[in-house]
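J.: Chain by chain, the residues run as shown.
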Amino acid sequence: MQSENNTSAPTTPRLRHRRRSNEAIPDATKANGSHLLVHDRNKYKSFLVRAYSTVWMIAGFVLIVYMGHLYITAMVVVIQIFMARELFNLLRKAHEERDLPGFRMLNWHFFFTAMLFVYGRILSQRLVNTVTSDKFLYQFVSSLIKYHMVICYFLYISGFVWFILTLKKKMYKYQFSQYAWTHMILIVVFAQSSFTVASIFEGIFWFLLPASLIVINDIAAYIFGFFFGRTPLIKLSPKKTWEGFIGASVATITSAFVLANIMGRFQWLTCPRKDLATGWLHCDPGPLFKPESFPLPGWLPWKEITILPVQWHALCLGLFASIIAPFGGFFASGFKRAFKIKDFGDSIPGHGGITDRMDCQMVMAVFAYIYHQSFIVPQSFRVEMILEQILTTLTYEEQKALYMKLGEILQERLFGQS
Amino acid sequence: MLNWHFFFTAMLFVYGRILSQRLVNTVTSDKFLYQFVSSLIKYHMVICYFLYISGFVWFILTLKKKMYKYQFSQYAWTHMILIVVFAQSSFTVASIFEGIFWFLLPASLIVINDIAAYIFGFFFGRTPLIKLSPKKTWEGFIGASVATITSAFVLANIMGRFQWLTCPRKDLATGWLHCDPGPLFKPESFPLPGWLPWKEITILPVQWHALCLGLFASIIAPFGGFFASGFKRAFKIKDFGDSIPGHGGITDRMDCQMVMAVFAYIYHQSFIVPQSFRVEMILEQILTTLTYEEQKALYMKLGEILQERLFGQS
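Order-wise, the sequence lines are chains D and W. Here the first sequence is numbered in full-length UniProt numbering, starting from 1 and rising by one per residue. Here the second sequence is numbered in full-length UniProt numbering, starting from 1 and rising by one per residue.
There may be inaccurate statements among the hints.
[Stated by the list, open to error] Part of the chain W face toward chain D, derived, beta carbon under 10 Å:
1) M45
2) M67
3) H79
4) V93
5) L132
6) F231
7) I266
8) L283
9) Y299
[Unchecked claim] Output of the computed footprint for chain D on chain W, the stretches with three or more beta carbons under 8 Å from beta carbons of chain D:
10) 68 to 77
11) 104 to 115
12) 218 to 227
Simulated from the structure, these hints should not be mistaken for laboratory data. The beta-carbon is built from N, C-alpha and C at its ideal position, and this holds for glycine as well.
My request is simple: use the sequences and hints to build the entire structure.
T.: Written out as structure tokens, the structure is:
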């Protein structure tokens, strides 16, 4: 059985026009907190509410994916802003806030600094590639990038100093808790969104596949729990069941294998984006996406099966999505129980707030990026990456100097080996 | 136990990144060890991530009813502590390997700032500085600033003469260092106006950078101390510990150092490094992360691109 905040709907919330508050329908099912969904009389009604939101979210998501990398990044940024707002408001106490004017501004100052830092690092390379046409703009952007760390550091230090200067007697404890809380929120939100955006620019495939797996895992767990759920899974989330968990795992791993094949055929999804343009992409997808044929045993109706090597990687992603990612959901449930909050927000009917939808996505996004960097990239693009680095960070004279030195070293090695 | 698990993970992550390059350089003699260390480094991120995830899963599985709030607060508190402690220590270690100078100078400036503020406050202190720390005074603050900036200028000259302090360390050996210190540490002479007893003065270019470090140490770094004071007041603790008689615990002594260490490293990376070692850094990267075939491929491609540019420009 799945609990209210973590089931049938995809974890990528979309458009703002769906901001309706939670109504009596989900409340009724929540009141029977410990009852399994299988036994719930109202389950069909709540199912309809969730299905409605689900369809809208998936449709919006597909549209954004179609439009491209920049739009997906913009979507991630918007989601991030909403998540941060939900979380900032969560432990704020209205009573103390009255005596501290401008304290909320501090949160948004740190948010802006984090945005600049994280997206500056990720997008700097692409930004340089985009503005190479205009010499003045190129120099301006290059110097911004060179001093990027310093700029962000000074923004942070000014926030730090501002915080200290606004400390008020008798409010110290509240202010320090808020400060720590702000840092935790920003770290959690930005770590996962920065990894997500980095994955997007490596190829939409590396963002779309993990996200879809989480969605499929959620929906499959809900459906299996709806029909077969009997044994409770974990005390933290009483509506989750072992039947739902195992059924969802099987479904997720299978669809990982299948989806990787389908998605791997589109260059729009598999090509990395080197700049910030929005046009079509053409590239050599690399060895991972080249189909290989395997002959099948005679007793099966098909003679042979074509498999993209990337499908084996997708199995690993699917395994992680079904076993570990749900712990993101458990963490969020435990957190809400600890601080006695029902939902993180109320943006999405039937599901709660945006953070409710993103809790498993966060764990998955980080894993997907680290997996990609450790197991995928070293097989293909390392020479490209360093070449890019040389061309963008060094001046022409420095590049020539590097070329000379590298030539000498390679000659030495050649003679040393023979 | 969970706290120490996260501590160990953070250690591995932070020091793995910093020391990986040096470790590779140290073990290049033995081929087997080299391959073992290289693969450890390649999968370093994954190893650290899985250690973290197992800590995360362990945390969730040990959540007990009615203890949720306490356990989550502890979890958040652990993260905050580790981030604060490891950010500053990782920057400090990175600075050390860039050259002991870049660790010793900022640390000394903080010490001088503290001592000078105490002495000036002792003799001249009248006007309170900030409500958070009632014993600090404006006289102490300003006197210490002047003292710190002056000693930054002087100390940089003294420290810059020793290769032991100015040379970066490329491996994990412990012997003496010899290197070309770079343009920052080469003395330049400036003629002085006739009315001064000295004919000319030798200045190392690094002394101007030291002025910036001194400025930061006197103006911003004390805020680290204010933060610690406010924190102790907020949670009604007198000192962080009692290891050092008269001062409190180790955290009491390190509070300003932490802010300074981060600044020193960022300053070094933004303003010092780009002037000298960029070609070296990328060359190192090529030689250590790529195989021989990949290096040759890179060499070919780079040659082509440079040829194109040459023709494009003429």
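J.: The structure should be examined with respect to each hint, and the outcome stated for every one.
T.: Each hint, compared with the structure:
1. M45: 5 Å, holds
2. M67: Holds: closest Cβ of chain D sits about 9 Å from M67/W, inside 10 Å.
3. H79: 7 Å, holds
4. V93: 18 Å, violated
5. L132: OK, holds: L132/W within 10 Å of chain D, min 6 Å.
6. F231: 6 Å, holds
7. I266: Since chain D brings a Cβ to about 5 Å from I266/W, closer than 10 Å, the hint holds.
8. L283: 6 Å, holds
9. Y299: Where the cut-off is 10 Å and the nearest Cβ of chain D is about 5 Å from Y299/W, the hint holds.
10. 68 to 77: holds (count 6)
11. 104 to 115: violated (count 0)
12. 218 to 227: Our answer is that it holds, as 4 residues pass the Cβ test (under 8 Å) against chain D, meeting three.
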